[in-house]
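Visitor: Chain by chain, the residues:
Number of protein chains: 2
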Amino acid sequence: MDTGVNAYSPTDRSRVKRLHERGKYDRETVHAILDAGMIAHIAYVIPDESNGGQPYVTPTAYWRDGDTLYWHGSSASRMLRTQSAGIPVCVTVTHLDGLVLARSGFHHSINYRSVMAFGQARKVEDVAEKERELNRFIDRIYPGRNATMRGIEPQELKATTLLAMEIEEASAKIRTGPPKDDEPDYALDCWAGVIPIAQVIGAAVPDPLLKAGVDWPEHLKLFSEGRRLDALLTEHAESY
Amino acid sequence: MDTGVNAYSPTDRSRVKRLHERGKYDRETVHAILDAGMIAHIAYVIPDESNGGQPYVTPTAYWRDGDTLYWHGSSASRMLRTQSAGIPVCVTVTHLDGLVLARSGFHHSINYRSVMAFGQARKVEDVAEKERELNRFIDRIYPGRNATMRGIEPQELKATTLLAMEIEEASAKIRTGPPKDDEPDYALDCWAGVIPIAQVIGAAVPDPLLKAGVDWPEHLKLFSEGRRLDALLTEHAESY
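Protein chains in written order, with this note's numbering: chain A, 147 to 386; chain B, 147 to 386.
I should point out that these hints are in silico values taken from the structure, not numbers from a laboratory. Accuracy of the hints is not assured; some may be wrong.
One copy or two, either will do: identical chains are not told apart, so a pair holds if it fits within one copy or between any two.
Lysine-lysine pairs mimicking DSS-like chemistry, simulated, CA-CA at most 27 Å apart [stated by the list, open to error]: (1) K304 to K269; (2) K304 to K367; (3) K367 to K357; (4) K326 to K367.
All chains, please: the whole structure from these sequences, using the hints.
Guide: Encoded structure:
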């Protein structure tokens, strides 16, 4: 367990308790899992609600800049208005990597990579930071695409709320490899192993209203059919 | 919006506020999204914690039986011990279906299907329900597999905590189709359309310790390379 200089310092909030050998706190591991994904599940509680602290968890596209996570949406969104108040949130990113089939139900498992990151959400008010980060969001997924589009209009900036969270603590959990069975069960005539799962790109569907003569552009060449989304996002993050 | 007899009745907690035309409350839609997935993100708050209601969100395998969602894990798990106390939780399931590329950054979007389900977690103490549901979990993903394995041992039942949540309220949100751009932007020389994304099965990796002579079994025949996981789980749910 690396809890050195370049690691997030776990407290009781983020320390991996069960199967702690699966827990990692170093920035390299945490950032790699974040950079390979694009949908986070963000948990928050609406303060002072009469229903006794009902938590919500919402799927949201996110991106990372250093130790800051960003997400955005309509200024009319209840989630974003609530989070703008500066409340504690938990941002979780999960990659499902495989089904682990063991020789007993008990030892079936899942191969995965996940990160739980903790901090306080804040609303980004600075217009320059807002515009820079919204452009970064596009270029992070589609490097070079901003250059092919018109810029952000002032009323679009106004209609968009940008949230940021400095990562105060984060932990990664990873499971890889074959099943681990009870010793006597290895003698059973039961198939065991791993069935890999990955998020994969399909064949692009041009907008029916696409202007005649506009071809599949150079900046999307990595989005070829059959490619893994996590590998592609990782490649983009490294070249960014 | 179907809020008839066979629909969950939305309150302020679950009603889709933004882009409400994307919101659905009927059981058929909600159950179909749940049955096509296997990983949920579950939000909860550890009661009486000194850090002011910090929410947590944990990725967990789940399954459905009627209007009840189940998930399980080690009896030593902090998450499960906390949830056993009967606290409000939010269970969210998300399918990322595609990247929607518009002619402006503002109109970029994501095609997805998601469900947010609300209720109180409870610990299943009844041993018969526990055993039945744990077997259902295996058969839901791998129909017929239980018959090829040894049964659950009593100490395994004891070491496993099973949580259940009756769905009190649920809402589904769905986006499909091409981008919607501002009228003047359709004239731009910018590629627009949808890049589909799906979770796909890879080539199975047999356990290095697999007993000689054990072949890929009949009950896994649907897990063929290149198949979509959501389609396969849906097919299993329908035949179950």
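Visitor: If a hint holds in the structure, say so; if it doesn't, say that too.
Guide: Now for the hints, and whether the structure bears them out:
In this assembly of identical chains, K304 and K269 lie within 27 Å of each other by CA distance solely inside one copy; the values are 13 Å within and 46 Å between copies. In this homomeric assembly, K304 and K367 never come within 27 Å of each other (Cα to Cα): the closest approach is 32 Å inside a single copy and 52 Å across copies. Taking the shortest Cα distances, K367 and K357 sit within 27 Å of each other inside one copy (19 Å), while across copies they are farther apart (44 Å). Taking the closest pair of Cα atoms, K326 and K367 come within 27 Å of each other only across two copies (23 Å); inside a single copy the shortest separation is 40 Å, beyond that limit.
When the structure is compared with the earlier hints, a violation turns up for hint 2 alone.
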